[in-house]
Amino acid sequence: MTDDGIRCDGRRVDQLRNITIKAGVLKNADGSAYIEFGKNKILAGVFGPRDVHPKHMANQDTGILRCRYHMSPFSVTERKNPAPSRREIEISKVLKEALQPALILKDFPRTVVDVFVEVLQADGGSRCAALDAAAVALADAGIPMRDLVSACAAGKVEDRIVLDINNEEDQEGQADMPVAIMPNIGKVTLMQLDGILTPDEYKTCLQTAIGGCRSVYEIQRKALVEKYFEGGAH
Amino acid sequence: MMDLKRRYVIPGDVIATGQMRPEQNVYQDGDRMISTCVGISEVFENAVRVIPLTGVYVPKTNDLVIGKVIGTSPLSWEFDINSCFIGFLPAQDVFGRDYSPTKDELRQRLNIGDLVAARVANFDRSRDPLLTVQDRDLGRIDSGELIEIAPSKVPRLIGKRGSMIQTIEMATRAMITIGQNGWVVVSCEDSEGLLKAVEAVKMVDALAHTPNLTERVKSMLGVPEGDNNDTTND
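Residue numbers (the working numbering), protein chains in the order written: chain S, 1 to 234; chain Z, 235 to 468.
No wet-lab data here; the hints were simulated from the structure.
Some clues are possibly wrong.
Stated by the list, open to error - Below, in silico cross-link-like pairs of lysine-lysine (BS3-like), each with a Cα-Cα straight-line distance of 30 Å or less: (1) Z/Lys-239 x S/Lys-106; (2) Z/Lys-302 x S/Lys-55; (3) S/Lys-39 x S/Lys-55.
This structure is a prediction, so every number in the text was calculated from the model and none was measured.
Just need the whole structure built from these sequences, with the hints factored in.
Rendered as structure tokens:
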């Protein structure tokens, strides 16, 4: 990073990467979204509510949510084994827990909502990008939601708090903090921290990340408005 | 209907604040009324609702649905009703009170793959929807073309007091059965009329949110202007 705060990819410390989201890109899924989050390229597909298989997973009182985060073999520089890795299993769980509070599934007992996230190209912060795409795909599928879920990371690189760290900064940096919020309700649904921060740094980092989430929310909103209201009046 | 305030909303949007009754697709957070789906919000004097633009069919008692037989059990047929729940039609409904599983063969009346117009007799969250065919115009559909449209667009296909469907039926001399679950059967003796009616239904599905749809359908079908005064986009 240069002295005047320009980062390795030319961004300022408080600048997001370029984000584009498109809703409804897959015909065969009930809902879908494609996100380009910097160099991340991620597809999310949603099925359901539908019958639960295996049947023993069904809940008589409410619908359930299942998530699968998967990285394609070609998503990283060295071929990745397509079998689910420890990291993918973790992120699947984390995505599920971050989306769960936003969904209202009590009207769909004995059913399941399946979210499939496929990372086509990965470049750091893919769990946040995956979450953003999954939230739009869920809204596209018409699953009742309390709010969208918007996610963005912040971190500490060269003793400075920066927004939306990329792969390089993640490797070299001192801390990485992915955060997801429900922007209208103002609740945090995901907060992880890898690294060490002082209490003050922690607060700034969290606020920076939440600020990023709010910017992401506007892009998510635009994607849905574009699909359903043809970029029209609001 | 002029006092209605309509707005395009996505999940999480605050539609109104204050003491109101949350109806369809709205939930209450303190005194805020929040949309749970992508759709068009309607604010009445003391109630709020959102007409969804996407989503699966959720059965309601008394809905007319079109179902496809997917299986039988000793006492009932199972139907695919384009929902996350399977519809059940008890054998007694067709065979009468003296139905006996040893004597009567279910598949002689309705075989797997048959289309049936049925009414939802009962549905609550504890059990799958119960269907009935004991009414006028219900029962097996012997001929016609099945079209699948989005369940959320069914009201538009029917139109205000049935205006849209009457327009199509009159112009093409087709018989159109609309299931609330988004399955539509069109039958017509004249093949050209059938093709036109199918095209009209698909057009409504694709352009449901655009104004002056009745006019556009009319001009597509070649109906002279002024046959039907109803052109409002409901």
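List, from low to high, the hint numbers that the structure doesn't satisfy.
Structure breaks hint 3 only.
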